[in-house]
Amino acid sequence: MISCLILERPGRWRIIGLIVALSLCAAPYLPLLIQAGFEVGTLGNIFTDAFVRSLVNSFTVSILVAIVSYTVGLPLGVVPAVFQVRGHKALLALLALPLLLPSFLVAIGWSSLAAVAGEPIHSFINGRGGCVLVFSATGVPLAMLTAYIACASLTGSQLDAVRLSGGARAVLRYVFRYASAPTVLAAVLAAILSVSDPGPGQIFGVLTAGAEILTSVAALYDFTLAGQQCLTVGLLVLLIAAPLMLFTAPSFASSVLARQTRPVERLYHSRAELCGLFGLVVTLLILLAAPLLGLFLPLGNGVEVSRALEELRRTTGNTVLYAGLASGFCTCLALAIAFFIGRNHRLMIMAVVILSIIFVLPPSLGALGLLQAKSFLPGQLDPLAKSSFMVGGALALRLVPVAVVFALRSWGSTPRSSALAAAIQGVPFSRFVLRVLAPLMFRSVVIGGLLVALLATSDIVTVLFLHPPGESTLPLAIFTVMANAPESLVSTLCLLYVAGAGALLIGIAAMAPRRTA
Amino acid sequence: MNTRTGFEFRNVCKSFAVSRVLNDVSFALPDGQQTALIGASGCGKSTLLLLLAGLEAPDAGEILLDGRAISTPNEILVPPHERGVSMVFQDLALWPNLSALENVVLGLAGLRLARTEAQRRAHETLRICGIESLAGRRPGTLSGGEQQRVALARSLAHGPRFLFLDEPFAGLDGPTKFRLLTEIQQIARQKNMTLIVATHDLLEAASLCEHAIILDDGRANDVARIDDLIDKSSSPIFGSFREVLRSIQGG
Amino acid sequence: MNRMGIAHVLCWPRLCPPIGCILAAAVCLAAHGCRKEDGSGKAPGEVVVYTSVDDVFARPIAEEFEAKTGVRVRLVPDTEETKSAGLVNRMIAEKNRPQADVFWSGDPIRAAILKAKGISAPYRSPAADGLPTQYSDPDGHWTGFSARARVLIYNKNLVLEGQEPKSIFDLLHDRFRGKACIANPLFGTTSMHAAALFATLSEEKAKAFFDGFVANGGKILSSNGEVRRRVANGEFAVGITDTDDANVARLEGKPIGIVFPDADGMGTVVIPNCAVLIANGPNPNAGRQFIDYLLSPETERALAESEAAQMPLRLSVEVPSHVVPISRIKAMQVDYAKLGNLLEELSRGFLKDWVDRNRS
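Chains as they are written, first to last, in this note's numbering: chain A, 1390 to 1906; chain B, 41 to 291; chain C, 593 to 952.
Bound conformation, chain A alone (with noise of 0.2 Å):
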């Protein structure tokens, strides 16, 4: 019988166990890196003065992102925790729309926009000063987002504590510190994001490492070029934001390894209440209706209803397949990596920095490199390899790390003592989990899953590469046809896939437990 006190228990099995899974989230990057790797003698001759600009541009505009996601998102995810909002919950979701936005997208509404806006507005926004509003509509939610699920692993006793001696200031200051390390490493993850996606950096013409990589891959077809120019990207990530990490994701670990606690009870505070209606909305209007209100100027001239619902028909199952099946595979590991880190503040370290350096880098080099694994396979595994379940497989090792978080989280916030109590009454591993774990966990873990979905969606590059011939996702055929469809067309795609995912943020925002005062 397999005790549980196997979830507790430490020992080598765990980082073996852990390496494995980290392996195989890392496999699609291996073959091109690989191939890189061997001609590491000539990693020199890359740096050219192009390359060398672009790695400082987008270094440039990481950095930018990391600050205004640090400096925006904060507030916006301390406030709601803390204090009482109304609406907050659909106003986070909203907000939180953009992470399910292909950069592309936004980078076109916000040139849309600019377009009829005119100077100064046009200046800024095609250049550096774009590309990081764009990011930005990222990196704010992400931050945003841990700031308030930060909050959420404070005890009532402490902010009670806390008020009794200062009041509601005091209560924010120590909030803002306390959920300040967490936040950084959002912000810092963002900004590396940012570093290797070539959209907006096309739009603005802003030459960035993104763009070079992209240009290697789909103009030069000169992969080992791309794999080394991805390793050096992931390599100065390593140098500027590894020490960052390194040093705020204990913190991290400890919001997310959350005890069952007293929760918060949230103030009431006119004044908060206000200031954080005021950042959520003008935030909201900056950041999603801007560039949605550019996206959708064409739909002026009409909306393409039936050509739109036919596109919608051909591509709607696939999108919901692979979106399942990537979140299906993705929930699964991610239990199993939260598995192998039990509470290991260590395991949970290293995962959390391996995890970030794989999420860096491009989707292109994954999709490739599985794509080239795939063409070696035996002709036995075609029905496998050149099926719905690559597509998924490939979508879930590349969204692991947002999975692992809630994972970590769900798994965090069950007691020590719940699985050392059935060791000793001697309940059956099986039983404990089914009957004890998995409903304590459904929750987080199944908030987790359509998350991943939600992205999975917008992953363009991966479906690109490996769908089956024939079946396409709607974003993809967004991509598809907006190089010659009439604009209201492409408006009226771009609008049912915005209010399809709007809804779904927003049912996961009524699934989230609600803390009643």
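Chain A regions said to be covered by chain B (calculated; three or more residues, Cβ under 8 Å): (1) 1813 to 1819; (2) 1822 to 1830.
FRET-style restraints, in silico, Cβ to Cβ: (3) 1566(A) - 99(B): 33 to 39 Å; (4) 800(C) - 1431(A): 29 to 35 Å; (5) 1671(A) - 710(C): 54 to 60 Å; (6) 1690(A) - 753(C): 23 to 29 Å; (7) 797(C) - 1436(A): 30 to 36 Å; (8) 1660(A) - 53(B): 55 to 61 Å; (9) 1766(A) - 153(B): 48 to 54 Å; (10) 181(B) - 1624(A): 54 to 60 Å; (11) 1823(A) - 59(B): 34 to 40 Å; (12) 1699(A) - 714(C): 35 to 41 Å; (13) 1452(A) - 181(B): 47 to 53 Å; (14) 1431(A) - 659(C): 48 to 54 Å; (15) 710(C) - 1436(A): 28 to 34 Å; (16) 1566(A) - 766(C): 58 to 64 Å.
Hint data in this document are derived by calculation from the structure and do not stem from the laboratory. Because the structure is a prediction, the values reported are computed rather than measured. For glycine and all other residues, C-beta sits at the position ideal for the given N, C-alpha and C.
Following the hints, complete the assembly by docking chains B and C onto the known chain A.
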């Protein structure tokens, strides 16, 4: 020949991270008796219980049960559910999504009883603990004392030989504490259980147990009668207790 | 202890059956993606077509083929250039075990790249009868049909009558200072245009054009679609793009004028579609059948009548009034077969350097 000699610690050491919690601890717990583990908060009482229960392994030394080694350095030779042990944890470790009855029934899962038999036993144990009427309620809807009783019922249901209580009365009011104390004593004597209670409260220890081990700075004395410790021990814990007793008696 | 909120309502044991059904459905849905392979590879009656032609133009042709022949077409279109790493990379990576039967390329360069990498197989279709051979590979690896052209588009509200550009070299003039745009010449048809200029003009003249373009304030945009959008909305006065982009702007009622440049000089770059048979594809017979259909006069007529407004290479095919017949264009004389190698050289050399120098 009675081979039931109970638990024995031999030169046990245990560390967590860089701090040494237990340092060369040796003692033999009297079987069939009630023994208190006394010490300040954070001195290693809970760790000691976890080692006895087989939920942690010692870094050095040996733990024996009835003369047989059950835990050696970094190895648990006999798993917890085979030691005849049950434990009420400091945070009670109740499974919050299950009702009181379901908590007890799941606790019996290791015995592979028929469903009806498990239900019957669970009801019986809840009745013994005085909370049969709360069988359908979830722990979150119960008071502190009621939750304690559910945890106790779950621990008693499968008839353990040893019952470990980790700070069992923390946070309870006086009358509730006294009631529970009395009931646990009665149940332990009825079922001839060896009771081991970790507590920092000497009054609780003295009320419940005949013997005690003092834990101080990772070290432990041998098992002694509580009465003797109260009268003669030079430990500061008992020194302060004697002062308090004198001041109460002195009026 | 916390209440579990929704867990009070959703009791876990009760959820097991519906969750089990959902999981079973997901497995079935996923299983539909696992195709059985017969001796020829894919299920019979199927052809897999990868295409770099815009989806909105290619899909109706594919559907028409399906309706006529009963052979199911699994179409894999590409995204707008520069927005992804491209379908060609997928074919290169799949080289050992191709999934595609046919590559329908929007230009000869991509077709030539596949030939150079040993991914295509020669096929001289009987349906190619009547198609001019100068737009096809001499070794039969790709066959040209229905063409686009590289054109100048201008915003009628910003360019006075009589001031319209007539040549691409007009974009170097003062009257278009800071008002001209071109797509990134490392990608798509712009890359082919660039290669054609280097092949036709001398290297110095071609470089002088590109350098002069940016010296005159010209901007590099991400794609032909961007050029169309931003000229149509007045951000730029003039741009270089393809005829299908220009036609879409016309159909949307944008204030766009179209000029086939250099009619009196070197001529306009004509970009034929190319049909390529993929070597060792899973459905070679269906692949050939599809190529035959692509090369037919019916397809050329359909593409001419579509929003793509493509010019049939067969002079006998009638065209709508808004489509300029190829006979009325002075086509630039280009050896398409050699453009591929030239472009590879330029992409690693001058063009890459030019793009890098002229982005911030």
